[in-house]
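Asks: Make the full structure from the sequences, and use the hints.
In our numbering, the protein residues as written are 1045 to 1276.
Simulated from the structure, these hints should not be mistaken for lab results.
Misleading hints may appear alongside valid ones.
As the list claims (entries may be wrong) - As a list, the in silico DSBU-like pairs of lysine-lysine whose alpha-carbon atoms are at most 35 Å apart: (1) K1263 - K1174; (2) K1165 - K1239; (3) K1234 - K1049; (4) K1131 - K1142; (5) K1130 - K1165; (6) K1207 - K1139; (7) K1239 - K1274; (8) K1142 - K1267; (9) K1207 - K1049; (10) K1174 - K1207; (11) K1207 - K1263; (12) K1266 - K1139; (13) K1274 - K1139; (14) K1267 - K1049; (15) K1274 - K1131; (16) K1266 - K1239; (17) K1049 - K1165; (18) K1142 - K1165; (19) K1142 - K1174; (20) K1207 - K1267; (21) K1142 - K1207; (22) K1207 - K1234.
Said to hold, decoys possible - Between beta-carbon pairs, the in silico distance windows are: (23) S1224 - V1260: 22 to 28 Å; (24) K1116 - G1077: 36 to 42 Å; (25) R1218 - K1174: 35 to 41 Å; (26) R1208 - L1188: 24 to 30 Å.
Bear in mind that the values here come from a model prediction, so they are computed numbers and not experimental data.
Even for Gly, the Cβ is constructed at its ideal location relative to N, Cα and C.
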Amino acid sequence: MSCGKILFITGTDTGVGKTVLTALLLMHLRSQGVNALAMKPVCTGSRADVRLFQSLQPGELSDDEINPFWYKTPVVPIVAARKCRKKPTQAGLEKAIKGLRGRCDILLVEGAGGLMVPLVKNQTWEGVIKSLECPVLVAAKNQLGVINHGLLTINRLQAIGVKRFGFCLIDHARASKNGSVEAVNLGILKEFSGKCPVLNIPYLGEGRINLARIEVARKNIKKSLAQILKIV
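Replies: In structure tokens, the structure reads:
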């Protein structure tokens, strides 16, 4: 059985654009003929992210393969899973992820929330990432405060021994004048992030993210997506 590469996508926070970034990368890879799959091992609340991934890789995986640990209550996983028998332990997560990596060339794994979100007692995503020994892509919302959150996340990845990682700043509003906070964040992050590549995903527009919008966006930022994937 082949052993595909893994790219883990984490964030500086929840709601920063991890799922959209994962979807863009998945569509880009598959458009280039790469046998790529995406999963979100832990999900709380809505399963809309699973439906988006299903639209991009139809018939490839079941909902439970894409998302083996699903909890209906939209709270942090350690709380959402408290009364459930099936908990998102490191062993369980590794088994689910490694089971899919053998079915593709590149497996995109989207984490829930940020790097240090508690999964079960004394366990966060850090342990999973260290065990997988895979490159990590950090997604961040381009807004006031992202520099501090971004550099803290980059420094933490370095501290736990991650060798290859990148940072992706995602615009959530239309570009404004050059003096705006959003306009200068990219340059400052590049200056202070050392050797970590820092890239930007432009604003994708208003409305619900679906297959059609992902396709339009992918065509517009193919070069940026190719640059991001150099860390794999």
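Asks: So, for every hint listed, does it hold in this structure?
Replies: Evaluated hints:
The hinted pair formed by K1263 and K1174 meets the criterion: a straight-line CA distance of about 33 Å does not exceed 35 Å. Of the pairs offered as hints, the one joining K1165 and K1239 holds, with about 33 Å between alpha carbons and a cut-off of 35 Å not exceeded. Distance hint between K1234 and K1049 is fulfilled; the C-alpha atoms sit about 26 Å from each other, no more than 35 Å. Note on K1131 and K1142: the hinted pairing holds, with a Cα-Cα distance of about 17 Å set against a maximum of 35 Å.
For the hint pairing K1130 with K1165, the CA-to-CA distance comes to about 14 Å; that is within 35 Å, so the pair holds. Taking the CA atoms of K1207 and K1139, the gap is about 23 Å. The hint holds against a cut of 35 Å. Restraint check: the Cα-Cα separation between K1239 and K1274 comes to about 13 Å, which is no more than 35 Å; the hinted pair holds. With a CA separation close to 29 Å, the supplied pair K1142 and K1267 stays within the 35 Å bound.
Under the criterion of a C-alpha separation no larger than 35 Å, the hint pairing K1207 with K1049 is consistent with the structure, at around 15 Å. For the hint pairing K1174 with K1207, the CA-to-CA distance comes to about 10 Å; that is within 35 Å, so the pair holds. For a cut-off of 35 Å, the pair hint linking K1207 to K1263 stands: about 30 Å separates their Cα positions. A hinted pair counts as satisfied when its Cα atoms are at most 35 Å apart, and K1266 with K1139 qualifies at roughly 32 Å.
With a C-alpha separation of about 26 Å, the suggested pair K1274 and K1139 falls inside the 35 Å cut-off, and the hint holds. Taken as a hint, the K1267 and K1049 pair is honoured in the structure, with Cα atoms around 21 Å apart against an allowance of 35 Å. With a C-alpha separation of about 34 Å, the suggested pair K1274 and K1131 falls inside the 35 Å cut-off, and the hint holds. Straight-line distance between C-alpha atoms of K1266 and K1239 comes to about 23 Å, which keeps the hinted pair within the 35 Å bound.
Restraint check for K1049 and K1165: the C-alpha separation of about 29 Å stays at or below 35 Å, so the hint holds. A C-alpha spacing of about 22 Å is found between K1142 and K1165, which places the hinted pair at or below 35 Å, so the restraint holds. For the proposed pair K1142 and K1174, the alpha carbon gap of about 14 Å is at most 35 Å, so the pair holds. Between K1207 and K1267 the CA atoms are separated by roughly 23 Å; this keeps the pair inside 35 Å, and the hint holds.
A threshold of 35 Å between alpha carbons decides the hint, and for K1142 with K1207 the separation of about 20 Å falls inside it, so the pair holds. Proximity of K1207 to K1234 is assessed by CA-CA distance (about 18 Å); at most 35 Å being required, the pair is judged to hold. Between S1224 and V1260 the beta carbons are some 25 Å apart, a value that agrees with the proposed interval 22 to 28 Å. Restraint check, K1116 to G1077: a C-beta distance of roughly 38 Å satisfies the suggested window 36 to 42 Å.
For the pair R1218 and K1174, the supplied restraint of 35 to 41 Å holds, since their beta-carbon distance comes to about 39 Å. Taking 24 to 30 Å as the suggested C-beta distance range, the pair R1208 and L1188 conforms, at roughly 29 Å.
In terms of the numbered hints stated before, the structure departs from none.
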